[in-house]
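So the sequence lines, in the order shown, correspond to chains L, F and B.
Last residue of the first sequence: number 135 in the numbering used here, and the count goes up by one each step with no gaps.
Last residue of the second sequence: number 135 in the numbering used here, and the count goes up by one each step with no gaps.
Last residue of the third sequence: number 135 in the numbering used here, and the count goes up by one each step with no gaps.
Hints are computed from structural coordinates only; laboratory data are not their basis.
Don't take each hint at face value.
Stated by the list, open to error - Distance condition first, Cα-Cα at most 35 Å in a straight line; then the derived DSBU-like pairs of lysine-lysine:
| # | chain 1 | residue 1 | chain 2 | residue 2 |
| --- | --- | --- | --- | --- |
| 1 | B | 128 | B | 40 |
| 2 | L | 13 | B | 25 |
| 3 | B | 90 | B | 25 |
| 4 | F | 128 | F | 13 |
| 5 | B | 90 | F | 40 |
| 6 | B | 128 | B | 13 |
| 7 | F | 40 | L | 40 |
| 8 | B | 128 | F | 128 |
| 9 | B | 40 | F | 90 |
In this text, all values refer to a predicted model and were calculated from it rather than measured experimentally.
Single-letter residue listing:
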Amino acid sequence: MIQQHELVLPRFKRGYHLITNYLNKAVTLPEQGIMHVFIKHTSAGLTINENADPSVRADYEQVFNRLVPENEPYYTHTAEGSDDMPAHIKATLVGSSVQIPITNYRLNLGVWQGVYLCEFRNNATSRKIVITVYS
Amino acid sequence: MIQQHELVLPRFKRGYHLITNYLNKAVTLPEQGIMHVFIKHTSAGLTINENADPSVRADYEQVFNRLVPENEPYYTHTAEGSDDMPAHIKATLVGSSVQIPITNYRLNLGVWQGVYLCEFRNNATSRKIVITVYS
Amino acid sequence: MIQQHELVLPRFKRGYHLITNYLNKAVTLPEQGIMHVFIKHTSAGLTINENADPSVRADYEQVFNRLVPENEPYYTHTAEGSDDMPAHIKATLVGSSVQIPITNYRLNLGVWQGVYLCEFRNNATSRKIVITVYS
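Given these sequences and hints, build the entire structure.
Next up, the structure:
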């Protein structure tokens with residue numbers, strides 16, 4: 001069985017933001033299955049990581065900015081601002097979807113796992129995600 | 001329900017290539033579901049990113065070549081050419097599969113999203129992908 | 001149909017380890033479907049890459065340590081050791097799940113593909129994975 005919901009998230013600032021609660025509220029989970037979460041954008045991404053200490057998410061911003069710096073002289077896709085081309089690469093590095101097992105009517109995440117919206121643009125609009133649950 | 005198709009793509013040169021059309025032609029899409037696309041190789045990958053401006057895909061080549069340079073003195077897996085070991089790492093960074101929601105009989109991609117075949121070898125053969133649609 | 005199994009892997013040392021055999025033994029595979037493998041941790045990951053030459057997995061360790069170095073002065077999440085914050089980033093770069101098509105009752109991997117457990121901590125405990133097969 002397939003359940004599907006399209007969701008518009010609130011507008012987040014550049015950085016890494018826990019969105020696990022939005023996923024839990026959007027769907028009635030089956031006893032067993034998978035939740036697939038997909039972001040319909042090319043300059044933001046989704047990943048699963050540490051849900052407790054905000055310093056992890058702050059360090060993500062520092063590390064990814066160094067992995068894919070802005071204003072490199074070899075960039076040719078520069079018309080949309082210095083944060084745009086790095087945002088595309090970062091989106092590929094983290095990925096545009098996550099899949100989470102569902103067990104006993106709950107997301108079967110590890111104790112320290114949460115889902116991050118990775119916002120790579122300085123001035124992004126609201127981001128759309130599609131949640132598909134199959135069971 | 002599961003539909004599955006194995007596809008041999010045309011031989012692409014090193015770089016990033018839109019293959020969304022191959023996916024749309026391969027399968028009759030259900031009303032609702034997920035398409036999983038898997039590449040059966042370890043020196044090429046799949047990602048979802050900007051489908052409009054070819055300069056994005058050109059910049060991908062520059063950025064990934066700097067993230068994972070060739071001919072590093074610490075590489076030990078060197079027998080298959082200087083592009084081989086970086087190709088393996090790049091394949092892990094982008095990933096070997098993408099999943100796309102299907103809604104109203106269509107791939108529910110964002111307006112600017114397309115699926116890239118990421119070819120990391122200088123002289124690759126044709127790449128095999130497996131498309132699985134579940135609904 | 002959904003089958004789901006939670007598995008505790010043996011404790012692996014820091015590095016990249018083939019775990020394909022554990023996946024094959026855990027589940028009776030259907031004729032056609034998908035296997036989703038999820039790791040319930042934020043400092044280890046899963047990827048699919050070369051299954052034959054151990055030098056590839058040794059080079060992975062070298063490359064990822066240079067991509068995300070330890071002891072960077074800008075890290076603020078440092079309380080759990082110098083390998084911890086880099087482990088979180090590496091986990092996001094490789095990802096916390098892999099999906100593999102199932103065809104004719106077998107994992108439909110390419111000839112050279114295997115599933116890696118990527119252990120990023122110096123002294124990790126056993127890692128839990130959730131295997132979900134849908135068909």
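Exercise. Checking against the hints above, which ones are violated?
Worked result: 2
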